[in-house]
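Colleague: Chains G and Z, in that order, give the protein sequences.
If you use this note's numbering, the first sequence closes out at 321, no skipped numbers anywhere.
If you use this note's numbering, the second sequence closes out at 317, no skipped numbers anywhere.
Watch out, some of these pointers could steer you wrong.
Some chain G residues judged to face chain Z by a derived CB distance under 7 Å, without partners named [to be verified]:
| hint | residue |
| --- | --- |
| 1 | R31 |
| 2 | I77 |
| 3 | H79 |
| 4 | E101 |
| 5 | Y105 |
| 6 | T267 |
| 7 | K268 |
| 8 | E270 |
| 9 | N271 |
| 10 | L274 |
| 11 | Q277 |
| 12 | K278 |
| 13 | P302 |
DSSO-like mimics (lysine-lysine), calculated; alpha carbons at most 27 Å apart, straight line [what the hints assert, rightly or not]:
| hint | chain 1 | residue 1 | chain 2 | residue 2 |
| --- | --- | --- | --- | --- |
| 14 | G | K152 | Z | K241 |
| 15 | G | K34 | Z | K241 |
| 16 | Z | K35 | Z | K20 |
| 17 | Z | K15 | G | K34 |
| 18 | G | K34 | Z | K161 |
| 19 | G | K268 | Z | K150 |
By construction, these hints were calculated from the structure, which means they are not laboratory data.
For glycine and all other residues, C-beta sits at the position ideal for the given N, C-alpha and C.
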Amino acid sequence: MKLLFLRNQLAYVKFFVSSASSYPRPEWFRRYLKRVEGLQKDLDASIDELELKKAQIEVLENQERCGVDILTEGLLIWHDFLATIPLRMGFKPDGLARYFENNLYYRIPVLEDERMLKKPVLEDFRIACKIWKRKLPLKAIISCLTAFYLSKCNEKIFPKFAELVMQEVQDLFKLTDDVQLDEPILSFNFTDQFEAFIEVVDSFDFKGRLWISTYFGDLNREIYSKLIDRFDVVGLDFVEGLEGNLDNLRELGCKSICAGIVDGRNTKMENPDLLRQKVEKIADCGPNTVYLSTNTGLEFLPEFKAYEKMTLLSKLKKVLK
Amino acid sequence: MRQKIRTTVVGSYPKPSWLKYLSNVDEKIKEDAFKDAVRAVVKDQEIAGVEILWDGEVRREEMTSYFAERIGGFVIYGEVRVWGNTYYPKPAIVDELTYEKPLVVHEFEFLREITDREIKVPVTGAYTLVDWSFNEYYTSREEAIYALAKIINEELKKLVKAKASFIQLDEPALSTHSSADEIEIAKNAVEEMLRGINVYTAIHICYGNYERLFPHIMEFNVDQLDLEFANRGFSDLELLKEYSYDMDLGFGCIDVHTSRVESVEEVVNAIKLALEVVEPEKLYVDPDCGLKLLPRDVAFKKLRVMCEAAKMVRDSV
């Protein structure tokens, strides 16, 4: 009876495959960037738009070939993970640090003069929108809370910072139906500025699907309850936060989930049967839509492994359907 | 009586350019080229005034993959980004880890033949090796770390037998993990790696959040902590003051991620800040980290400035 119930639950859920955020840079593009920008702290040189477009097309076509339904342009010139956002808001890079147990150095953005604060512009996403004429949707990635956490500035400017980020979100909705706020810091019970963040999000009337992606762990119940009320899609980590996030889902539900069920930080390929069982537990909690995804962006993997992992997800989607 | 304010390096140095052209040459020529490269790098350090040397890691392509290629149970799938536009061939543990062949003792033995100066041998520690690898075999990172620590210990015993007197464990991954459990695992791994090792030891940790390490890091079974300070404007010295730091200190006073060559005055001022934390006899001055990403002439100038500044302060205390 339980098996029949589960099968019935799956039948009520719409499944899609979504890219999480980042994608490994094509090898030729890495060589190009090294040549143009060098290796050291003096990055962000002027990149030839044509080269960027070629790289974006390749990454988008790879995702399309894997069977991905919701694509990203791969964050191919984001050297500093989510700290890239404040670096586009008038912050200057200063010093290096590693975060989130990634073996990746990020430059620390510092705001020397508050008058320099400006709206971030995802010019690379706009370029991708111009060249991607396919029918598959392109999701924009941005960050607010985590971007602020990774920066050094007066905490009091957070409302203004958040307002500027949300203005860009609003502008991005003129180009796409899907914009995702990457907020892994929420998985660390980071509540500084959380209420102010919610307030700013609520003050905007966005015309599109606003996603929030959390990863590197699970969410505490209170944070989770506030996210499901106001975001169209909530991204949860079912690799590093499996039990906690399943509990959240069982208790409070969620209409649309981006389920990070495949590990984006390890090359070990998941067992398809175990993945299916994981999805069945998620479906059992009653969502309408589940976007199957890796728990993190894919920049932590060699390129061919990233491709294999996304292909695994699209094969899983076919089995579930 | 102990010497005051000694100068040293962390490990890597820019490789002589001829090493790029070795892909189609026979092994004898390759080995001769490496030896000549070590001689050149050592000469640079000696001229700059460095007292405690290493061979610039000229045989090592990268601090993780070098060891993974020599230890059974690892494979390397491909490159991943480590920062900016720098990539490294990230290993994956796919089988039980086993000691297969010497890791660094041959590097030490050659260096010992060509210099009279004191030698520090950097060895990537088990904690970082596992943290910077994919793990497809062991059920937990902890299990993999302890397995690897035994292998490293085997190599360190060979080094001591070959008369190495100063060993540095490179553990940059330590400062990126926040939990007390992780510090405990790292501490146990260091114990295992240094079991039966009775020479001077240091642990090098860089580019993370040092607040996570203190005070527990001061209980690690090593003589010296080698930390980077120039990267963040020496603000982390306040942390050492807060915890009444009492070990020997490897003081990273040269920024290795910018081509700007510091002035002697800047470095003198930095060393004086370090002397507010430790006595001159406990201070070892070095760059923040390895120098290999810098142009060779810049790396040399930075080392020379560092040694000149160390001498000026030493003569005045």
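Colleague: Which earlier hints can't be squared with this structure?
Modeller: When the structure is compared with the hints, numbers 1, 2, 8, 9, 10, 11, 12, 15 and 18 turn out to be violated.
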